[in-house]
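When you get a sec, could you build the whole thing from the sequences and use the hints?
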Amino acid sequence: MRNTVTKLKLYSTYVEAGFPSPADSYLEGAIDLNELLIKNPAATFLVRAKGESMIGAGIFEGSILVVDRSLEIRSGLICIAYVNGDFTVKRFVKRNTNRNVGSESRIELHAENESYSPIVIKAGDHFEVWGVVRSVITKTL
Amino acid sequence: MIALVDCNSFYASCERVFNPKLWGKPIVVLSNNDGCIVARSEEAKQVGIPMGLPLFKAKDLIKKHNVHVFSSNYTLYGDMSERVMTVLRQFTPNMKVYSVDEAFLDFSGFKEEKLAALMREIKNAVYKQTGLPVSVGLSHTKVLAKIFNHVAKKNKICQGVATCFEGERIDKVLKRTPIGEVWGVGRKSEVKMYDAGVKTAYDLKHFENTHLIQKRFTVAGRKLQDELRGISCVELDDIQKSKKNIISTRGFGKQVTDKNELREALASHVSKAAEKLRAQNSMAKSMNVFIRTNRFKPTEQVYDSFAIEFLSPTQNTFKMVRASSEALDQIFKPGVEYKKCGVSLSNLYDFNGSQFDLFSQNDSLKDLNLMSVMDSVNRKQGSETLKVATCGTTEDWKMLSQMKSKAYTTRVSELMEVN
Numbered sequence: 001m002r003n004t005v006t007k008l009k010l011y012s013t014y015v016e017a018g019f020p021s022p023a024d025s026y027l028e029g030a031i032d033l034n035e036l037l038i039k040n041p042a043a044t045f046l047v048r049a050k051g052e053s054m055i056g057a058g059i060f061e062g063s064i065l066v067v068d069r070s071l072e073i074r075s076g077l078i079c080i081a082y083v084n085g086d087f088t089v090k091r092f093v094k095r096n097t098n099r100n101v102g103s104e105s106r107i108e109l110h111a112e113n114e115s116y117s118p119i120v121i122k123a124g125d126h127f128e129v130w131g132v133v134r135s136v137i138t139k140t141l
Numbered sequence: 001m002i003a004l005v006d007c008n009s010f011y012a013s014c015e016r017v018f019n020p021k022l023w024g025k026p027i028v029v030l031s032n033n034d035g036c037i038v039a040r041s042e043e044a045k046q047v048g049i050p051m052g053l054p055l056f057k058a059k060d061l062i063k064k065h066n067v068h069v070f071s072s073n074y075t076l077y078g079d080m081s082e083r084v085m086t087v088l089r090q091f092t093p094n095m096k097v098y099s100v101d102e103a104f105l106d107f108s109g110f111k112e113e114k115l116a117a118l119m120r121e122i123k124n125a126v127y128k129q130t131g132l133p134v135s136v137g138l139s140h141t142k143v144l145a146k147i148f149n150h151v152a153k154k155n156k157i158c159q160g161v162a163t164c165f166e167g168e169r170i171d172k173v174l175k176r177t178p179i180g181e182v183w184g185v186g187r188k189s190e191v192k193m194y195d196a197g198v199k200t201a202y203d204l205k206h207f208e209n210t211h212l213i214q215k216r217f218t219v220a221g222r223k224l225q226d227e228l229r230g231i232s233c234v235e236l237d238d239i240q241k242s243k244k245n246i247i248s249t250r251g252f253g254k255q256v257t258d259k260n261e262l263r264e265a266l267a268s269h270v271s272k273a274a275e276k277l278r279a280q281n282s283m284a285k286s287m288n289v290f291i292r293t294n295r296f297k298p299t300e301q302v303y304d305s306f307a308i309e310f311l312s313p314t315q316n317t318f319k320m321v322r323a324s325s326e327a328l329d330q331i332f333k334p335g336v337e338y339k340k341c342g343v344s345l346s347n348l349y350d351f352n353g354s355q356f357d358l359f360s361q362n363d364s365l366k367d368l369n370l371m372s373v374m375d376s377v378n379r380k381q382g383s384e385t386l387k388v389a390t391c392g393t394t395e396d397w398k399m400l401s402q403m404k405s406k407a408y409t410t411r412v413s414e415l416m417e418v419n
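Residue numbers (the numbering used here), protein chains in the order written: chain A, 1 to 141; chain B, 1 to 419.
No wet-lab data here; the hints were simulated from the structure. What you were told as hints is all true, and nothing was included just to trick you.
Result set (SDA-like, lysine to any residue): computed pairs, CA atoms no more than 20 Å apart in a straight line:
(1) B:Lys380 <-> A:Ile38
(2) B:Lys123 <-> A:Glu72
(3) A:Lys50 <-> B:Val412
(4) A:Lys50 <-> B:Asn19
(5) B:Lys25 <-> A:Asp86
(6) A:Lys50 <-> B:Ser413
(7) B:Lys128 <-> A:Ser135
(8) B:Lys380 <-> A:Leu37
(9) B:Lys406 <-> A:Asp86
(10) A:Lys39 <-> B:Lys128
(11) B:Lys21 <-> A:Gly85
(12) B:Lys154 <-> B:Ile49
Set out below in structure tokens:
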């Protein structure tokens, strides 16, 4: 991720000969989409979403996922995970398997689409969280 | 206190970040044009694949050990390298990138007892953020840091980090380090060292007759000895990549006999070299253009080169492309099957510090502005989006790279896909 700054002017006026616009003193900084979507460029990777398993989370076929590897995973975040040879984008859920205090927990990967059932990570699975999805970019045109 | 951070099997590891199935599997990466093996994962080394082996000679070993083969993807490696360096820069402002996959970090003034933990933190941060494993060696000097980096890499117990300040422990490692493995000792000086009875790094450190060292191995030998003794004398600035030459060359995917194809290929090489030149803020006074036939074919060998001396140092792609084209007219022979061409830029000057000659043909401001626009567009949109028309648009001569992974990190059309 390169830190290219593409600023969108929020507010500006044409310069007219003679009088400066009084609005110019209220001019604010421009909005930087990079800043909005990306926090740590060195650890940020863009990934293209396929399929419809996450439509409930606003991730559609072709959406670009902004994946931040520097974030620590925690229950409830959407992640790119590597499970037994394949990458997948799902919501990371940590479930207690027993009500007792200090009991074991298990990891599940939840889709956001009723026709998909959760992936339950079992002992012996090759599982790794590759990165956390920080933002989703979806074009409408 | 100096640390050397070095990526483990850098090219192979870059491939693994986007293809985790390959962890633990042997991987080799090929040179431009898929000619030779230029990088190997640890597993590939273990099955006995030598560095530099031509691909056709490695075919059997590759098949037998199920080795994964990649064409070089320098776009990806370059981008991953920048990421690693950005992460490292968060740990100290005093850092020198030494090569695409290693950097020296200066920790002078840091508390010694906290450094071992900090080194582990660095290693973990790079892996977490980029997916690339690194090894870290920390000691009093750069030469020692390099030695301990090697220790970190080879000894499993180190888990990728070796810190050492204490004399006796350092000596123990130096005794096991053959002099030829010490940074800066080449083949030639290794033989000379042996003649002088210096077989290990330890021997050089404790060699009493320092005058003899200086006499036989110049100041460089003396400096090496001091560094082994824990006295820093190789400055980070000394080891900054020298700006001596910039080379762009590549073999063709097929034999080329057409002069215009050669012209386009050369123009493309010139453009690349000039872009590099501008990126490091230099100007070149000399350019050398060469074309050659296939070195491995038993036919008549043709190698021709043409040296161009610019009136004043330049970084102007247009000027250089024009010159390369004129050079080609001088050396091209009809009917010859060319296999490779290239250019090298030498006699480099700093752009800022150069003496402008009022009466010579300096780069015009207009051209320089155009260059900088071209460079920034190419950085953003992908290399060669904007180029000099001589470079052509078909590029029949483009290199072979049949097993190249995608430009995962630099091209929107080649992003990794996930379900």
